[in-house]
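Engineer: The primary structure of each chain is shown beneath.
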Amino acid sequence: MAQSITKKKPVSAMIAMGIISAAMYAALLLNQDLVNNTFGKGGLYALLPIITAFVFSFFHGSFTGHFWSVLGIEASKKKREVK
Amino acid sequence: MHDITSNFITLDAINILYLFGVGFVGGLVSGFIGSGGAFVLTPGMMSIGVPGLVAVASNMCHKFPKALVGAIKRAKYGQVDLKLGIILGISAEAGVLYGAQIQENIKKAFGDAGSNLYVSVAFVVILATVGTFVLLDAWKSHKSGTAHEEEKTSKLAKWVQSIHIPGTMVYFKSINARVSILFTIPLGFATGMLAATIAVGGFIGVPSMIYVLGAPSLMASATELVIAFVMGLGGSLKYAMHGLVDIRLAMIILAGSLFGIQLGAIGTTYVKPFMIKVVMGTIMVIVLFSRGLMVPVYLSQLGLIDKLGEGTVSVLKNTSFAIMVFALMLGAFIVLRAMWQGRQAEKELHATRVLEQGEVEV
Chain X
289 MAQSITKKKP
299 VSAMIAMGII
309 SAAMYAALLL
319 NQDLVNNTFG
329 KGGLYALLPI
339 ITAFVFSFFH
349 GSFTGHFWSV
359 LGIEASKKKR
369 EVK
Chain F
42 MHDITSNFIT
52 LDAINILYLF
62 GVGFVGGLVS
72 GFIGSGGAFV
82 LTPGMMSIGV
92 PGLVAVASNM
102 CHKFPKALVG
112 AIKRAKYGQV
122 DLKLGIILGI
132 SAEAGVLYGA
142 QIQENIKKAF
152 GDAGSNLYVS
162 VAFVVILATV
172 GTFVLLDAWK
182 SHKSGTAHEE
192 EKTSKLAKWV
202 QSIHIPGTMV
212 YFKSINARVS
222 ILFTIPLGFA
232 TGMLAATIAV
242 GGFIGVPSMI
252 YVLGAPSLMA
262 SATELVIAFV
272 MGLGGSLKYA
282 MHGLVDIRLA
292 MIILAGSLFG
302 IQLGAIGTTY
312 VKPFMIKVVM
322 GTIMVIVLFS
332 RGLMVPVYLS
342 QLGLIDKLGE
352 GTVSVLKNTS
362 FAIMVFALML
372 GAFIVLRAMW
382 QGRQAEKELH
392 ATRVLEQGEV
402 EV
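Residue numbers (the working numbering), protein chains in the order written: chain X, 289 to 371; chain F, 42 to 403.
Warning: the hint list may mix true and false statements.
To be verified - No more than 16 Å apart at the CA atoms, straight line, and that leaves these computed lysine to aspartate or glutamate pairs for EDC-like:
#1 388/F / 362/X
#2 365/X / 387/F
#3 193/F / 178/F
#4 196/F / 178/F
#5 365/X / 347/F
#6 117/F / 362/X
#7 313/F / 387/F
#8 297/X / 362/X
Said to hold, decoys possible - Label-pair restraints from in silico Cβ distances:
#9 197/F / 314/X: 50 to 60 Å
#10 316/X / 199/F: 47 to 57 Å
#11 316/X / 214/F: 31 to 41 Å
#12 123/F / 362/X: 17 to 27 Å
Hints listed in this document are in silico derivations from the structure and should not be mistaken for laboratory results. Ideal placement from N, C-alpha and C gives every residue a C-beta, glycine not left out.
Excised from the complex, chain X in its bound form (with noise of 0.2 Å):
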């Protein structure tokens, strides 16, 4: 008898992290005499850059991760683990 595994799609988790990537785009983007000034000071304002970093690489590697996801483009069923 055929068997039959359905993997759903992350597509809405996608466009969340996906809205969310853009919003912050956007609000570096259009803010950027701000930013440069307030992140350029150096010393303690130093962690401004290193904590957008990681915000931008937490909702935009989400992105990107779903998006190749819904692509169907995904790891090998074969060799995920390394021996």
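Following the hints, position chain F against chain X.
Structural biologist: Leaving out everything else, chain F in the frame of chain X:
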């Protein structure tokens, strides 16, 4: 603190697309071999008017979040040795600081041309020796038909694993053996020094994990992402404290590179392990020629050979940059091609299974 905020360039749509595209290709290669891309990204940023130090700092600030995303992805495939990555990463951080100090001293003593010559010679010597070795090893595996088999541990790695120094032994899952950290520290340090010199520490880090410690290629390239994260985070903090990071550039490159790194990481699950060596060796050997072309330019600037004409310098510079871009594009092409072939082979296998067993997977 440097007041260089006025040096942050104005970004237009073309610059944004350009940085996004270079970021994507760099990310794709990094996701696959654990590093790469920086040697094109930094001069790429400088070509649109970004000051050198800001380009280095912004590249560093896109590198650590990219490496983090790549490392998490590849950890899901069981390819990351976190303990090895952190131990190597910490010693690499020390290597970065020492390498940067050497750079500064050379710059003070011999100026920009002296510093550039040092970087180019480091590129040529390391890429010629390590790159050729990696490529030849991949070629031997391919010719001898052992490319499909499990990788053999090198004699050097077997010797390293056989040395027991009490109080320094640590078990690493990628190597499946206990190795003295007195061996890992210099390797990490060298990786960091190279990262500070030519921006791509992985050209030492990955081969040393494979040939000196005995880690499989896939695990070495994935673990390199952990090292890149540790080094990149420390380096970014240092540059950001001097106000040198242009977060806009870093995040735009990150936008492209996170698409690339996910794809590169997925690609590793479809290919034979020796493909890591093929891609890495190919890029290293081509970049070697690119940097080799610049050596006469710097020698002439230092007055060690006859002065070259402006036209000749311009041709050499442009050709050198074009060859570097070609190296990265070829690397990306090999990754995508290998991934495509792997996917096709898996689909065919799946179709055969469906016909034979009636198993359907959607």
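Engineer: Indicate, hint by hint, whether the structure satisfies it.
Structural biologist: Going through the hints against the structure:
Straight-line distance between C-alpha atoms of residue 388/F and residue 362/X comes to about 13 Å, which keeps the hinted pair within the 16 Å bound. Taking the CA atoms of residue 365/X and residue 387/F, the gap is near 9 Å; set against the 16 Å cutoff, the hint holds. Distance check on the hinted pair: residue 193/F and residue 178/F sit about 11 Å apart at the alpha-carbon level, within 16 Å; holds. Of the pairs offered as hints, the one joining residue 196/F and residue 178/F holds, with about 13 Å between alpha carbons and a cut-off of 16 Å not exceeded.
Our distance criterion of 16 Å between C-alpha atoms is broken by residue 365/X and residue 347/F, whose separation comes to about 60 Å. Distance restraint check for residue 117/F and residue 362/X: the Cα-Cα separation of roughly 12 Å lies within the 16 Å cut-off, and the hinted pair is therefore satisfied. A C-alpha spacing of about 13 Å is found between residue 313/F and residue 387/F, which places the hinted pair at or below 16 Å, so the restraint holds. Straight-line distance between C-alpha atoms of residue 297/X and residue 362/X comes to about 11 Å, which keeps the hinted pair within the 16 Å bound.
Take residue 197/F and residue 314/X: their Cβ atoms lie about 52 Å apart, and the range 50 to 60 Å holds. For residue 316/X and residue 199/F, the hinted distance range of 47 to 57 Å is satisfied, since their beta carbons lie about 51 Å from each other. A hinted range of 31 to 41 Å holds for the C-beta pair residue 316/X and residue 214/F, which are about 39 Å apart. In this structure, residue 123/F and residue 362/X meet the distance hint of 17 to 27 Å, their C-beta atoms being roughly 23 Å apart.
The structure fails to meet hint 5 from the earlier list, while all remaining hints are met.
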